[in-house]
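> This is what each chain is made of:
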Amino acid sequence: MSILIGDDTRLVVQGITGRDGSFHARRMREYGTNVVAGVTPGKGGQLFDDEVPVFNTMAQAVEETGANASVIYVPAAFASGAIYEAADAGVDLVVCITEGLPVGDMTRVMPYLEERGTRLIGPNCPGLIVPGSCKVGILPGSIVEEGPVGIVSRSGTLTYEVIHQLTGAGIGQSTCVGIGGDPIIGTDFVDALEMFEADDRTEAVVLIGEIGGTDEQVAARYAEEQMETPVVGFVAGQTAPPGRTMGHAGAIISGSEGTAEEKMRVFEEHGVSVAERPADIVPAIQTVL
Amino acid sequence: MSILIGDDTRLVVQGITGRDGSFHARRMREYGTNVVAGVTPGKGGQLFDDEVPVFNTMAQAVEETGANASVIYVPAAFASGAIYEAADAGVDLVVCITEGLPVGDMTRVMPYLEERGTRLIGPNCPGLIVPGSCKVGILPGSIVEEGPVGIVSRSGTLTYEVIHQLTGAGIGQSTCVGIGGDPIIGTDFVDALEMFEADDRTEAVVLIGEIGGTDEQVAARYAEEQMETPVVGFVAGQTAPPGRTMGHAGAIISGSEGTAEEKMRVFEEHGVSVAERPADIVPAIQTVL
Amino acid sequence: MNIHEYQAKQIFRDHDLPAPPGRVTRDADEASEIAADYGGRVVVKAQVHTGGRGKAGGVKLADDPEEAREAADAILGMDIKGLTVRKVLVTPAVDIESEAYAGIVMDRSRDRPVFMVSPEGGMDIETVAEEKPEAIFRQPIDPAYGLLPHQATTLAYRLYDEPKLAKEAAGILGKLWKAYRGSDATMVEINPLVRTPDDELRAIDAKMNLDDNALFRHPDLEEMRDVEAEDDSERKAREAGLSYIKLDGDVGCCVNGAGLAMATMDLVKYYGGDPANFLDIGGSSSPDKVVSALEIITDDPSVSSILFNIFGGITRCDDVANGIVEATSRLDLDVPITIRLTGTNEEEALEILRDNGFEAMSDMDEAVQRAVEAAG
Amino acid sequence: MNIHEYQAKQIFRDHDLPAPPGRVTRDADEASEIAADYGGRVVVKAQVHTGGRGKAGGVKLADDPEEAREAADAILGMDIKGLTVRKVLVTPAVDIESEAYAGIVMDRSRDRPVFMVSPEGGMDIETVAEEKPEAIFRQPIDPAYGLLPHQATTLAYRLYDEPKLAKEAAGILGKLWKAYRGSDATMVEINPLVRTPDDELRAIDAKMNLDDNALFRHPDLEEMRDVEAEDDSERKAREAGLSYIKLDGDVGCCVNGAGLAMATMDLVKYYGGDPANFLDIGGSSSPDKVVSALEIITDDPSVSSILFNIFGGITRCDDVANGIVEATSRLDLDVPITIRLTGTNEEEALEILRDNGFEAMSDMDEAVQRAVEAAG
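Chains as they are written, first to last, in the numbering used here: chain A, 1 to 289; chain B, 1 to 289; chain C, 1 to 376; chain D, 1 to 376.
FYI, nobody ran anything at the bench for these hints, they're computed from the structure.
A couple of the hints might just be wrong.
[Said to hold, decoys possible] For lysine to aspartate or glutamate, the following EDC-like pairs were computed, each having C-alpha atoms within a straight-line distance of at most 16 Å:
#: 1; chain 1: B; residue 1: Lys43; chain 2: D; residue 2: Glu162
#: 2; chain 1: D; residue 1: Lys132; chain 2: D; residue 2: Glu120
#: 3; chain 1: C; residue 1: Lys236; chain 2: C; residue 2: Asp220
#: 4; chain 1: C; residue 1: Lys55; chain 2: C; residue 2: Asp16
#: 5; chain 1: D; residue 1: Lys167; chain 2: D; residue 2: Asp184
#: 6; chain 1: D; residue 1: Lys164; chain 2: D; residue 2: Asp198
#: 7; chain 1: B; residue 1: Lys43; chain 2: D; residue 2: Asp161
#: 8; chain 1: D; residue 1: Lys60; chain 2: D; residue 2: Asp95
#: 9; chain 1: A; residue 1: Lys43; chain 2: C; residue 2: Asp161
#: 10; chain 1: C; residue 1: Lys246; chain 2: C; residue 2: Glu223
#: 11; chain 1: C; residue 1: Lys60; chain 2: C; residue 2: Asp73
#: 12; chain 1: C; residue 1: Lys246; chain 2: C; residue 2: Asp274
#: 13; chain 1: D; residue 1: Lys175; chain 2: D; residue 2: Asp16
#: 14; chain 1: C; residue 1: Lys236; chain 2: C; residue 2: Asp300
#: 15; chain 1: D; residue 1: Lys269; chain 2: A; residue 2: Glu261
#: 16; chain 1: D; residue 1: Lys175; chain 2: D; residue 2: Asp14
#: 17; chain 1: D; residue 1: Lys236; chain 2: D; residue 2: Asp288
#: 18; chain 1: C; residue 1: Lys269; chain 2: B; residue 2: Glu261
#: 19; chain 1: D; residue 1: Lys269; chain 2: A; residue 2: Glu276
#: 20; chain 1: C; residue 1: Lys164; chain 2: C; residue 2: Glu200
#: 21; chain 1: C; residue 1: Lys207; chain 2: C; residue 2: Asp124
#: 22; chain 1: C; residue 1: Lys269; chain 2: B; residue 2: Glu276
#: 23; chain 1: A; residue 1: Lys43; chain 2: C; residue 2: Glu162
Take these sequences, add in the hints, and give me the full structure.
Okay, here's the thing in structure tokens:
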């Protein structure tokens with residue numbers, strides 16, 4: 001088992017003829033993901049890599065191929081349009097890799113998706129991977145290993161680092177989800193924790209947070225009240241100065257709530273094991289498994 | 001018991017200082033309705049009839065009086081604004097008496113209310129009355145009588161006619177609801193039937209439909225599949241020509257689906273007793289009670 | 001409110017939609033002059049509030065000004081489905097490669113507008129829906145968001161495979177949405193949306209229905225109302241704030257409330273009569289309204305019996321009674337009146353009527369039967 | 001992106017908001033001339049990207065042009081919270097009857113903007129929130145609907161009881177929403193919104209934050225960027241497409257990915273060092289980006305040790321290795337470099353580095369410890 005994606009995933013790549021889209025479509029196919037279609041307006045009728053049909057619109061792609069998920073690699077100015085289009089076409093899951101979406105666009109996208117029951121991962125995220133089964137996004141397939149640990153994270157490379165260390169210690173992953181570093185994202189920690197809790201393969205979860213917002217605090221309360229699966233938490237940005245945006249648009253401390261110290265304190269208060277360094281995650285997971 | 005309103009209703013009258021608002025606020029108070037506040041922007045601080053405080057905004061009215069329902073008597077151009085305001089102020093029930101709301105306004109109002117869980121009755125409706133307890137709107141209190149029959153109708157005076165005949169025959173009513181004659185309305189037949197089915201005082205329901213749309217057909221199917229309470233149906237407009245709007249904006253036959261004949265046929269098909277004339281309603285109800 | 005093709009096309013052009021130019025006239029000679037001005041082939045089109053003009057001979061091609069004169073002459077005054085043609089539109093003819101359909105209607109069951117397109121244009125969309133339903137593509141529009149750009153693109157690719165044409169069509173659909181929303185329309189249609197041999201797209205016909213309830217915010221559109229095309233009595237009713245529709249029978253009905261008015265008509269039929277009209281005098285009716293109503297009913301020569309059916313709620317029965325007394329004293333009535341009154345201020349009303357020599361009843365069925373009998 | 005008060009007021013005026021006129025200058029003599037032009041009392045206000053100007057002496061009243069010159073002279077060059085004042089705004093003084101607050105911020109926990117007003121204006125809204133929370137009124141805005149008219153009215157009545165003032169305030173709040181939405185702002189504030197003795201409302205101060213991600217659709221607003229106010233190295237980083245923030249330590253960090261960059265800084269601290277910066281070279285980093293990154297780090301004289309921490313995913317380790325080799329050959333580096341590389345094309349990278357005399361490690365903690373030690 002896994003969460004969100006797996007062997008049943010039938011994926012459309014939105015922006016498949018672009019530089020990033022084509023590169024990662026190939027990596028996903030190599031990993032075994034069932035990429036059933038690509039979409040680029042004006043390029044309908046082509047075949048990508050001689051095998052994957054390209055359509056002008058998501059509606060056509062879904063009608064013709066029965067796709068149930070999409071991943072978006074289009075420039076930021078068009079990314080919210082691609083999300084709306086995927087929702088209207090009726091896929092269940094939309095993963096938006098693109099970064100730099102205006103936050104105003106996202107405020108309008110979110111209620112549209114909610115009304116239609118479409119789940120969004122991201123934007124500005126590395127996507128997700130189920131080791132040995134399916135990868136949607138840009139997480140490197142080489143570092144993962146099948147196993148019992150679910151990973152949910154606001155970061156990209158920091159997540160790779162943590163996965164790398166776990167795999168190095170012989171601890172595999174059930175599903176790794178990068179939820180993205182923007183202030184407004186589709187799927188948050190609590191959503192992912194809920195799915196991991198329901199997933200019978202996941203025996204422990206690593207939650208990788210960072211400064212800004214209060215999602216980590218909400219997640220800690222959720223973990224305590226609603227979960228039996230143990231959670232290990234890490235928060236990046238202990239040395240970040242307040243009021244500055246640390247790369248991710250969402251990583252900015254305003255007021256006392258968004259600091260790493262506060263988040264770690266709340267983790268501890270609610271029974272989430274706190275890893276001070278990334279390297280502390282492996283032993284913490286070994287303890288709870 | 002009753003549906004939607006009753007002794008717990010704490011009502012705000014939006015537009016209480018206007019001609020219709022003040023007239024009907026008095027009638028409602030005379031009937032025993034607990035009118036706790038009125039709203040007219042710019043007239044805040046006044047007392048209506050020396051007793052009911054008037055506020056500038058719904059938010060203030062609800063904060064100060066704990067109101068849980070509102071009724072709207074403001075001109076059509078401002079009525080959708082009044083509905084939004086009532087929803088934001090957090091009342092559970094909004095009854096819009098005003099007629100002539102642009103249908104485009106209503107298309108935008110509806111999802112806003114749905115997201116907030118606010119129930120709307122109307123627009124362009126006579127409101128509702130629980131005999132002996134509470135009246136919200138313009139239904140005449142003099143013609144009703146307490147009893148076991150629920151009434152739901154798209155009409156105004158035709159409903160009075162039916163109530164009048166029932167009362168005359170010694171058959172009282174549990175709650176009478178006028179849902180309005182517009183093409184887009186907040187509460188439809190099915191919503192009302194569902195509530196009547198759940199109401200232990202209601203032993204039979206009279207459904208008064210008319211030409212246009214397919215709400216009667218949907219209601220017939222619902223009555224057959226989901227209800228134990230018997231339903232008697234009447235459809236006005238058997239002699240109405242197609243393509244013409246018969247007074248109510250929603251009463252227009254387009255295609256074969258919206259005719260009275262079709263609606264009566266579907267009633268019969270789904271076990272709803274059909275009254276050919278208003279005068280047939282009383283014996284039909286006597287049969288099912 | 002219905003508007004004519006030439007008016008809808010004006011709204012289209014105001015929204016930058018590619019509607020060909022055209023001028024409207026009531027005069028065959030002027031039609032010829034317009035054709036001469038445009039030069040080349042023109043189309044002369046009847047401007048009436050009904051479909052099926054083409055089949056009825058209301059649309060004619062003309063190769064030169066003389067033919068345009070003849071066409072206009074033939075069309076003007078023509079009767080199409082009971083409506084007299086008073087104006088024609090003269091517009092340059094457009095070469096047709098293919099015809100598509102684009103329209104927006106209100107979907108009552110979903111409380112929102114739905115955009116429809118079909119590559120099968122030129123015929124009635126209802127006919128396409130029956131004969132080739134798979135050729136119609138629908139996109140419900142979220143009213144808070146309007147037509148989203150990808151929806152325009154998706155619909156456009158349903159019409160044209162070629163990216164260049166699809167892009168142009170998407171632009172047209174976006175503008176059509178703006179015309180619909182900006183005019184508070186309840187229906188808008190381009191049928192056919194023509195692709196020319198040199199790959200231009202043109203809105204050759206235009207249909208629009210405007211929301212009467214929203215005209216208060218569009219005084220410019222209210223001016224488009226074709227009062228000539230209205231039945232005289234219906235115009236008079238509208239101006240008096242009454243809801244009136246003329247029918248073929250002989251029992252004139254005057255009722256308060258649309259539902260009760262329909263039920264009354266039905267009951268007239270039930271008892272073997274034929275209603276002469278639908279008439280709702282509305283909620284808070286003054287004596288003046290009753291006077292206007294009676295005038296309109298008695299203007300109809302087919303009426304041989306008049307029936308009042310009033311259930312007093314907001315409407316006060318005494319107001320109606322006073323109106324009846326006033327109107328009958330002013331008008332020289334020679335048809336029998338049957339009056340049914342009940343509800344608010346019923347007693348006062350009965351007294352007023354009795355004092356003026358009228359009888360009134362309180363049972364609806366009895367009153368209707370009496371009125372039907374009186375019609376003979 | 002932060003913009004200055006005078007720029008926000010320009011946006012306000014473009015949206016018909018009542019911001020008093022004003023002119024900006026870098027010169028005390030010109031400030032005096034502006035004051036003379038306006039006549040009467042003026043206010044001279046420091047234009048810096050921080051709050052608390054008033055307390056720091058950055059806002060001064062001047063009764064005549066000479067006082068305005070003195071005020072400007074005192075303020076220009078002043079240091080406020082580490083920022084040098086380079087410009088002042090000279091604006092006519094407004095008489096104050098009372099001060100209110102109006103602002104819009106993004107509420108992350110609800111994924112939507114929230115409108116806030118308070119009759120307690122003139123001070124920091126955070127202070128009001130602490131000391132008198134009941135004096136702040138919030139209205140979440142449905143992003144698909146925008147600020148609805150009744151919401152503007154409701155908020156306005158929170159500020160003023162008088163219908164005339166409330167009506168005017170509602171208009172102002174509506175325009176403030178348009179300014180916020182139309183500029184893709186993430187924050188906007190009028191503080192104070194002043195009521196004058198003759199009942200006029202005026203936006204005396206204006207604050208706005210614009211969404212960097214949305215500047216692509218506002219080239220006019222992008223021009224408002226005050227490059228002078230940026231740290232030199234931060235500007236250089238922005239132009240090179242890098243995310244860089246200068247800190248106080250001595251270990252220069254060059255990392256790919258914001259989360260890993262923060263975690264690296266934290267680890268430097270953990271091992272007893274002090275990070276000199278946050279630097280994210282981004283996803284698909286070319287050798288050029290690495291060169292720019294190294295230049296920026298080495299421009300900082302406090303840096304006494306450089307740490308590369310690269311986890312290759314989309315970023316290819318060999319690209320980074322080539323960048324390091326190129327940059328070090330161009331720049332005359334005299335600080336030790338510690339390199340940690342792992343992931344995509346790690347082997348190629350290690351070979352490139354070895355061939356050029358560099359050593360590279362694969363464990364993050366070891367690398368950080370080494371870099372901290374190297375800083376001494």
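> With the threshold set at 16 Å, check whether the alpha-carbon distance from Lys60(C) to Asp73(C) stays at or below it.
Distance of about 11 Å is within 16 Å: holds.
> Within 16 Å, alpha carbon to alpha carbon, are Lys55(C) and Asp16(C)?
violated, 30 Å
> Tell me if the straight-line CA distance from Lys269(C) to Glu276(B) falls inside 16 Å.
OK: Lys269(C) and Glu276(B) at ~12 Å, within 16 Å.
> Please verify whether Lys164(D) and Asp198(D) have alpha carbons no more than 16 Å apart.
holds, 12 Å
> Taken at face value, is the distance from the CA of Asp161(D) to the CA of Lys43(B) at most 16 Å?
This hinted pair holds, its Cα atoms lying about 10 Å apart.
> Assess, step by step, whether the Cα of Lys246(C) is no farther than 16 Å from the Cα of Glu223(C), and give holds or violated.
violated, 24 Å
> Would you mind confirming whether the straight-line C-alpha gap from Lys236(D) to Asp288(D) stays at or under 16 Å?
holds, 13 Å
> Between the alpha carbons of Lys43(A) and Glu162(C), is the straight-line distance 16 Å or under?
holds, 10 Å
> Decide if the proposed pair is consistent with the structure: Lys132(D) and Glu120(D), CA atoms, cutoff 16 Å inclusive.
holds, 9 Å
> Would the hint linking Lys246(C) and Asp274(C) be met if the CA-CA limit is 16 Å?
holds, 12 Å
> Quick one, are Lys236(C) and Asp220(C) close enough, alpha carbons at most 16 Å?
Distance of about 21 Å is beyond 16 Å: violated.
> Hinted pair, alpha-carbon criterion (16 Å max): Lys175(D), Asp16(D). Please report holds or violated.
It holds: about 7 Å lies between the C-alpha atoms, which stays within 16 Å.
When held up to the earlier numbered hints, the structure conflicts with 3, 4, 5 and 10 and fits the remainder.
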